[in-house]
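Peer 1: For the record, the sequence lines run as chains A and B. Following the working numbering from start to finish, the first sequence increments by one per residue and tops out at 283. Following the working numbering from start to finish, the second sequence increments by one per residue and tops out at 283.
No lab work stands behind these hints: they were computed from the structure. Please note: incorrect hints may appear among the correct ones.
Treat identical chains as interchangeable: a pair holds within one or across any two.
List of simulated lysine-lysine pairs, DSSO-like, C-alpha gap at most 30 Å [said to hold, decoys possible]:
hint, residue 1, residue 2
1, 218, 166
2, 183, 218
3, 240, 218
These figures come from a predicted structure and were not determined experimentally.
Number of protein chains: 2
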Amino acid sequence: MHGHQTISSGELAAQGGTTSAQVRKDLSFFGSFGKRGLGYSVSALSSSLREILGLGRQWNVVIVGAGKIGAALAQYEGFRDRGFKVVGVYDEDPARVGGTLDGVVVRDQRELESDIMKLKPHIALIAVPAEAAQTLVDRVVKAGVRAILNFAPTPLTVPEKVTLRSVNMALELEILSYALVNAGE
Amino acid sequence: MHGHQTISSGELAAQGGTTSAQVRKDLSFFGSFGKRGLGYSVSALSSSLREILGLGRQWNVVIVGAGKIGAALAQYEGFRDRGFKVVGVYDEDPARVGGTLDGVVVRDQRELESDIMKLKPHIALIAVPAEAAQTLVDRVVKAGVRAILNFAPTPLTVPEKVTLRSVNMALELEILSYALVNAGE
DNA sequence: AAGTGTGAATGCGTTCACAGCA
DNA sequence: TGCTGTGAACGCATTCACACTT
Numbered sequence: 099m100h101g102h103q104t105i106s107s108g109e110l111a112a113q114g115g116t117t118s119a120q121v122r123k124d125l126s127f128f129g130s131f132g133k134r135g136l137g138y139s140v141s142a143l144s145s146s147l148r149e150i151l152g153l154g155r156q157w158n159v160v161i162v163g164a165g166k167i168g169a170a171l172a173q174y175e176g177f178r179d180r181g182f183k184v185v186g187v188y189d190e191d192p193a194r195v196g197g198t199l200d201g202v203v204v205r206d207q208r209e210l211e212s213d214i215m216k217l218k219p220h221i222a223l224i225a226v227p228a229e230a231a232q233t234l235v236d237r238v239v240k241a242g243v244r245a246i247l248n249f250a251p252t253p254l255t256v257p258e259k260v261t262l263r264s265v266n267m268a269l270e271l272e273i274l275s276y277a278l279v280n281a282g283e
Numbered sequence: 099m100h101g102h103q104t105i106s107s108g109e110l111a112a113q114g115g116t117t118s119a120q121v122r123k124d125l126s127f128f129g130s131f132g133k134r135g136l137g138y139s140v141s142a143l144s145s146s147l148r149e150i151l152g153l154g155r156q157w158n159v160v161i162v163g164a165g166k167i168g169a170a171l172a173q174y175e176g177f178r179d180r181g182f183k184v185v186g187v188y189d190e191d192p193a194r195v196g197g198t199l200d201g202v203v204v205r206d207q208r209e210l211e212s213d214i215m216k217l218k219p220h221i222a223l224i225a226v227p228a229e230a231a232q233t234l235v236d237r238v239v240k241a242g243v244r245a246i247l248n249f250a251p252t253p254l255t256v257p258e259k260v261t262l263r264s265v266n267m268a269l270e271l272e273i274l275s276y277a278l279v280n281a282g283e
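Can you make the complete structure from the sequences, with help from the hints?
Peer 2: Set out below in structure tokens:
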């Protein structure tokens, strides 16, 4: 794998934990990058995908909520490595406002709208309790954010032009517990 | 909604952000709980579902990795509320071993196997760097854990009898960035 | 010979639509 | 009449299989 100029769909599949047919189908959705009998040029494929997925650019992110989850997100290195930069963290609790999380100062949630207008972040991460989530989503959407990643364990609604994805850790655990209960069948 | 003895699939759908047909189909998978023309008895449905999903019981959980994500998980109230109890947190870094996270002492990763044999946790949460994840999964599986929730951004393999689910936050952000790049089409 | 790209077959979850029961 | 429970239709993603290219 090291030093290969070229890589086959089968090798990519093994790395990604999927099948060769899947890899070819997925790539063909974006275009035709491979050579028959040979495989894909590693460098050409890599740069094409970076381009297509928008990973070349830097994406500015604001985190709403500086509790346990918000703090973990602010300090997660995986984001920075992939071009996601945390430009703001917000909380409503005065005890948290003014503190710093990995170099970013926690700001008052009342500044949210004006900061979003100014910083124009591309993505907002919602890390507040379930009850507060919809209200805050509405606020960041109204201020201009078009992409939201929700960590609150509640379904949210957004206008059609806004992209919303949700991560629900408690639900994942419940699915596991269901699998455990029904293991012997 | 408050004080209702009974609730229709349409009302449940609105709360859950889905459709009435979806709700009826999902519930019918487990059995037949509703009354035609009336809806579902809130209390009966609630207790049946708790039973079926295994939410009545307590599930013991170990967290492998006491870094940023492991710490956030250890302190996440959402788990305790739903019957998931953190019975152990493990790390290999001596600087972290012996510290406490929300009342649970961080133990040496070398104790992992013997503790699992003793505590018999139902679920393991993997919160270590991608490179170490597969090794640790293999270790907890070998020690007897049957359900794993993975937070490391890498595909993992487990034996068939083990249930594995993965949460990949960086991937979620990349999907959002792709949506943003292709917004105007 | 090796391995892509893609129509066709398959599987699965979601939506539709309605018969039947309270 | 109201709303469930469920077969049938549908849509979409995954898998198969093979003609075609280098």
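Peer 1: Checking an output row: residue 240 and residue 218, CA cutoff 30 Å. Within, between, both or neither?
Peer 2: For residue 240 and residue 218, only the intra-copy Cα distance (12 Å) is at most 30 Å; the inter-copy one is 49 Å.
Peer 1: Can you give me the call for residue 218 and residue 166, within, between, both or neither, at a CA distance of at most 30 Å?
Peer 2: both (25 Å within a copy, 27 Å between copies)
Peer 1: Regarding residue 183 and residue 218, is the shortest C-alpha distance of 30 Å or less found within a copy, between copies, in both, or in neither?
Peer 2: within (12 Å within a copy, 40 Å between copies)
Checked against the numbered hints above, the structure breaks none of them.
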